Structure formats: structure tokens, C-alpha cells
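Enquirer: Knowing the structure of chain A, use the given hints to seat chain B on it.
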Amino acid sequence: MPRPMLKTQQTAQQQENILSTTAKPQTKNETETNEESMMKLDRLLRRPRSKAYMEAMTKLDAGGKANNREKVQELINIIRSEFPEVELAGYLLGYVSKCYLGNPYEVHILDANGEIVEHYQKGKPLPGGLEKARSIAIRGGYDFIEVYSDCCRAVSSNGSVSVIK
Amino acid sequence: MAEQVYVDLSPVIRAVENVNSNLHVINSNIDAVHGTVDTVDSNVRIVYDDLGKLANEFHEFVYRQLMANRLGVANTKIVSIRQELDKKFGNYDTVRRHTTGILQATDLEIIRSSTITTVTEELMLDAPNYWLAPCLVAIAAWINDKREIADKALREAIKRNDEKTSLLFALVCRRAERKDACLKWTERYLANQNEENLDRKAVIILDAFASGLLGADTEGVVARQIGAWMDHLSQKVGFVEKQTEQWSDAINLKRRSLGETDYSYLHKYSKTWPLLKDIMEGANLHAIIFEYLKNIFDQESSTDSLKVQLDQILTDLVTDFDDEELPLRKEEKFESFVIQFDGDEQRAKQNMAIEQTAFETHKDFTQLLTDAAMKPESSHASVSTQKFALALSKDWVSNAYNDVTAKNRMKIPHEIEINLENFNEKTTDGQNEKELLDIFHKMINKEKAHALAGNVLSAFDMFCLWGGIIIGGIGLIMLFIGGFVSFLGFIAVVAGIGMVINHFSKKKKIEKTRVNIETAFENKRQAGMQIIRAFLAEVVDFRAEFEERDAESKNVTDFLDQISPDQYVKKLSDTTRRIKVSE
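One line per chain: the protein sequences are A and B, in this order. All residue numbers for the first sequence refer to the numbering used here, where the first residue is 1 and numbers rise by one. All residue numbers for the second sequence refer to the numbering used here, where the first residue is 166 and numbers rise by one.
Next up, chain A with everything else stripped away, as it sits in the complex:
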């Protein structure tokens, strides 16, 4: 499983992922173990989500496949600014939420790697490990589900986060 990093002031390589900041470093405190790093990250990701972040996520349901590159980029920038201190490349797989476009659409996703907003019909499996969040996205009553490589984080409308390991 790729290890997410808490960002420090040191310089590191730039990430291409949507949640990597443009010039933010990606180094790890040498004295900090992976376990400590993960626990700190867990606490950080447990933090209630901001209003701007919640609003950005609700725009996912804008309709059809999002072809407007600028809009998607704007959305990604807002999401990225939610966790400026953390590098989630490879750890966050994407977002899944219930689709309100109506039948036959069930869910839509924001793929963390491909930066694609796409709506999925009944029976069509979700890519990139996102399928595990399908049922809870449809029936859980959460605004959206953040899917990570080792868990899911369900975000309620008030921004509170529930962790499912």
C-alpha cells in the first residue's frame, strides 16, 4: 500500500496527482515511524471537512460526464487546498457519491488519478478500487465517500467524517 506523507518544510518531488500541491515537498521526518505517520494522518483526515470542500463535492453531480476541464481543475484545487499539509498521492483512490441524475445512473465518481468525473449506470462496475464504496454511497445517506487504499471515509452533510476500515 502506498504510504501517504505528512508534508514538512523540506523540498521533494512534485506530484501529478490531484491532491498533490504544485510545489509542496514530500519528505518524512526521519525519526517518525510509518505507524506514527499513519496515525497522524488518520487524525488529520478525521477532521470535519470545510464548507468550501463540501460545496465543491456537491458540484460533482453537475450532469453528464464532466468535460469542462476548467471546472474540474477548479474543483480539484478546492479539494487539494483542504489538505495542504498532506500528500495523498496513491493513498486516496477517489470519491464516490450517489447520483441524482435519475435512472439508470446510480453513482458518480471523481477518479483521483485520472481526474475524471463520471456517472455510472446500474450494473456497470466502478474502476480503480472504488466499487467497494458503491453500496454505502447509494444507501448510506452520506454526501460522498472518500475511498482510500486501506479504508473508506464517509462524509456527512455537516462535514463530519466516519471511518470504515
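Incorrect hints may have been included.
Mimicking BS3-like on lysine-lysine, the simulated pairs with C-alpha atoms at most 27 Å apart in a straight line are [unchecked claim]:
id	chain 1	residue 1	chain 2	residue 2
1	A	K132	B	K407
2	B	K572	A	K51
3	B	K719	A	K165
4	B	K559	B	K433
5	B	K559	A	K165
Over 12 Å on every C-beta distance to chain B, these chain A residues come out as not near it, computed from the model [stated by the list, open to error]:
id	residue
6	S50
7	K59
8	I78
9	S81
10	E106
11	P127
12	G128
13	G129
14	A133
Read the hints as simulated data drawn from the structure, not as lab findings. If you're wondering where the values come from, they're calculated on a predicted model, not measured in any experiment. Here a beta-carbon is modelled for each residue, glycine too, at the ideal position from N, C-alpha and C.
Expert: Below, chain B without anything else, positioned relative to chain A:
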């Protein structure tokens, strides 16, 4: 002209007949052997069955014997443990009884101080290592206004157990309305605490604090101390995660099994039922937790009950088992569980594991909070402490509760299976009745067609009709020729008639069977349709009920949201001030 040669084959024929007859004999002998082997085989089977039963009975007997032996051992062991407790700590009981008596007698002022002094000095000699004995001497000296002795006795008591001595005098001073002294002793008690390794008695100070019994100044000290503990613990790696886990476990302990349900069709005809049952139990947890929390916070503590609690806290301190006694007390408890479960050590161990938390000599502060809030019976926490523990742990409880809820929701099956014999289909919300019935009809039609296909006239039976007519016709013609041919004709006519009769008889039988098959499949169709409809109706009801029950989680989260630790502490202080005025 060639000469004719006659060969007599009769001996050969006889020999062949002989061989044939012998073969018959051998054959019948083999049949007899076969029969004997079958009998032996069936006897062996019976023996095997009996042996299996015997083995089971033997295992059962061994198990029961082991249980009976263990029960006997437990009965003997518990007596020796109690004797050892009495021998080692019998004096402690006496000291505990006297402490209670002296505290009560002092209140009533009916015992001469010299009597108290004599008794306490004797007890001091009888219990050389027990912390409570010098405390008792100190109290007696205090009553007699002998400061020097009181100081010496206190020094000894502090040497033996600083923490408990401090707590005891904090509570005694509080009872005597010596507020400054009470504060000093409480400060001392708290300074003795390590938040990662709290003594069992810490719950008492929490109780007293949460109940508003330690005075306003004391609350300030305790609140600051608790704040410092929490800050320190929160900075530890893994602490928050452990907290969430602890609270999740405690919340899940409140789950109740679903038992008998109204969803008989889902239960009977769906492989998804175990999962559905599991998530419904999870959804029912919301109402249980809400009621549990509401019940805690709805309970009001009156001034009288606060005073009773104070006495109880003091009584607990001077009557509860001491740390030294705990290992033996644990053994005693374990053996008593063994006796309770008729020698079943496994069950005794399970029960001990459940009780273990309450028996733990030391625990960290947050475990103490979890136990106080969620296991008041085993942690002996008062309602006030439960409120306080929940208020302090609010964030962790919310996180844990949200996680428990989300985990349950994660298990919600998007599709529910319906398994009715060979009919294995799925529904999401029970809305696809037409689709499922169509599939079911097709399946029934297919099965019926298959069953009917196996019930048609064979080629011979079909041939019998026309073959019989033709043979009969030919026979009829032959009848008129006369002589031996007429005889053959007669046979042909009979055969022909027989064949025709056979054809119609088989045809009738087949038709009857086919009608039966049709009826059976129609019955199956009707029954199946009824089951599918009822099943889908239950799916609709289940989804609706689950949604309703699951939505009750909001009651819990709203309830937890409105608990404010700061306001709660403030309210406690206000309550305390009112209590002081009334006193």
C-alpha cells in the same frame, strides 16, 4: 450311393445338460453367498452406527466426568482460598468494620474518645501493613486533639499508601466540612495519580467531583488536572485511535440479537438474510444507545442523594478490597464461576474475561471514562460520573459512534437474493416484481416442458396402434384360409388386439401423468408467485424499516452534539454552590 453315417450325440447332449444343471446350482449358491454378504454388510453398518453412538456417549461421559471433577476441585479450592483470605486479610476486614464504626460513632458523638483511642491502637498492632490502621489512629488522635500523634500516624499512613490516605482524608474532611483541609488532601491525591495507570479508587474522586461533592475550589483543581491528563494523553501516538476503538467496542456491546422477526419469507428464501439480520441489529442499536444516553442525562441527582453518594464513596473506600487482596479475590471469583457453571471452565474463563475490566487493578484515565459511561454496573460508577465521563469523552464517543454506524451501513447489500428452489434471482428494492415473475414463469415453463418431455409414448407404444391393426388385419385374413394358417391367423388377431389395447392403455396412463404434471407445475407456479410477491413485499418493508431505524442515528449524534463539557462542569459548580447553601 453314399453310405449314411449315424452319430449318437445323446451322451454329449446329456453332458451339456449336466454342465448346465451344475451351472444353475453354482448360480444359486452364488446368490445365497450374495445374500449372506448383504446380511453381513447390513450387520456391519448396524455395528458402525452403534459404535458411533457409543463413542458419542463415551465422549459425553468423559466430558461430564471432567466437568464433575472440575466442580469438585472448585468446591475444595474456593474453601481454601477463602481460608487464605481470612488468614491473610481477616484483620483488614476488622479494620474496615472499625473505621466505618468510628466514623459513624464520631458523627453521633456517643462513644468516649478514650475507647476509640484504645481500639485504634490495638488495630494498629494487629494490621502491621495495612494503610487504613494508622489512618484510624490519626482520626482518633484528631478527635482527641493530639496533633503530634495525629501527624506521626499520618506520616505512617502516607508511607503505607499516600494515595488512599489522601483520598480518605479528603473525604473525611469534606464530611466534617473542613473545606481547606479537604482541598489540600484532594490536591495531594491527584498529584499521586498517573493518568496512564490510574488506581481503581480514581473513579471515586471522579464520582465525588462529578457529583459536585468536593467543593468549588476542588473542582477547579480537578478540572485542571483532568484537562492536563487529557492533553497529555491526546498527544500520545495511537491514543485517539485506541479511544475510538474502546468506545466502538463499548457501543457494540449494547447490540441486541434480533430474535423472532416478521420477515419470515426473507428468512426462509434469501441467502442474504444473515446479512440483513446483522444490519438490522446494527440499525436497532441507534434507538438503544439513544435511550441509554437519554436515560443517563434525564436522571437528576438530589441533594440528599448526593450526600448519600458521599457516604457511599467513603464507605467504599474503607470497605472495598485492598490491592493486596485482589489476586486472591480474582481466584475466588473464578472458582465461583466454575461452580456456577457446573464445572465448565471454558464458560468461567469467558465470564472472567468480561469481568476482567472491572477487576483490573490499574487502568488509564480514558479506559476509566469508558467503563464509567458504558459499564456502570461493573465499574460502580454513579449517574453523575456517567454524565461527566460522557461529556469529557464526547468527541471520541461521536467518532466511535459514527464509525460503528458507517460500518453497519457499509454492509447494506445493494441487492437481495431470492432463492426459491432453482429460482435464484436478485432484487434491489422489491420493485422488480414483473421482471422476476416473468423469469419465474419462464423457469416453470421450462421445467414443465422438461418434465412433460419425459412422459410421452415410446416408439413401440406408438407403433402398437397401427402395428396392431395391421397384424390383426393380416391375422383376420389368415383366419379364412383354414388349417394351420387359420391357427396362426387367430394368434395374429389376438396379438394385434393386444397391441392396440396396450397403445390405448399406455396413452391413457401418459395422459393422466401429464395432467398431473401440469397440475403440479401450476400449483408450483401459483405457490411460487405468492412467495415471490410476499418476498418482495417484505423487501420493501425491510428497506423502509431499516431506513427508519437507521435514521434514528441522527437522534444520537444530535444528542451527543448538544453535550458541552465546559457547560457541564459549570453546571456542576452551580449545583455545588446550591448544595452548600442548603447545607
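Enquirer: Now look at each hint and say whether the structure bears it out.
Expert: Now the hints, each set against the structure:
no., hint, result
1, K132(A) / K407(B), "holds (26 Å)"
2, K572(B) / K51(A), "holds (25 Å)"
3, K719(B) / K165(A), "holds (22 Å)"
4, K559(B) / K433(B), "violated (42 Å)"
5, K559(B) / K165(A), "holds (22 Å)"
6, S50, "holds (18 Å)"
7, K59, "holds (24 Å)"
8, I78, "holds (24 Å)"
9, S81, "holds (24 Å)"
10, E106, "violated (9 Å)"
11, P127, "holds (17 Å)"
12, G128, "holds (18 Å)"
13, G129, "holds (15 Å)"
14, A133, "violated (8 Å)"
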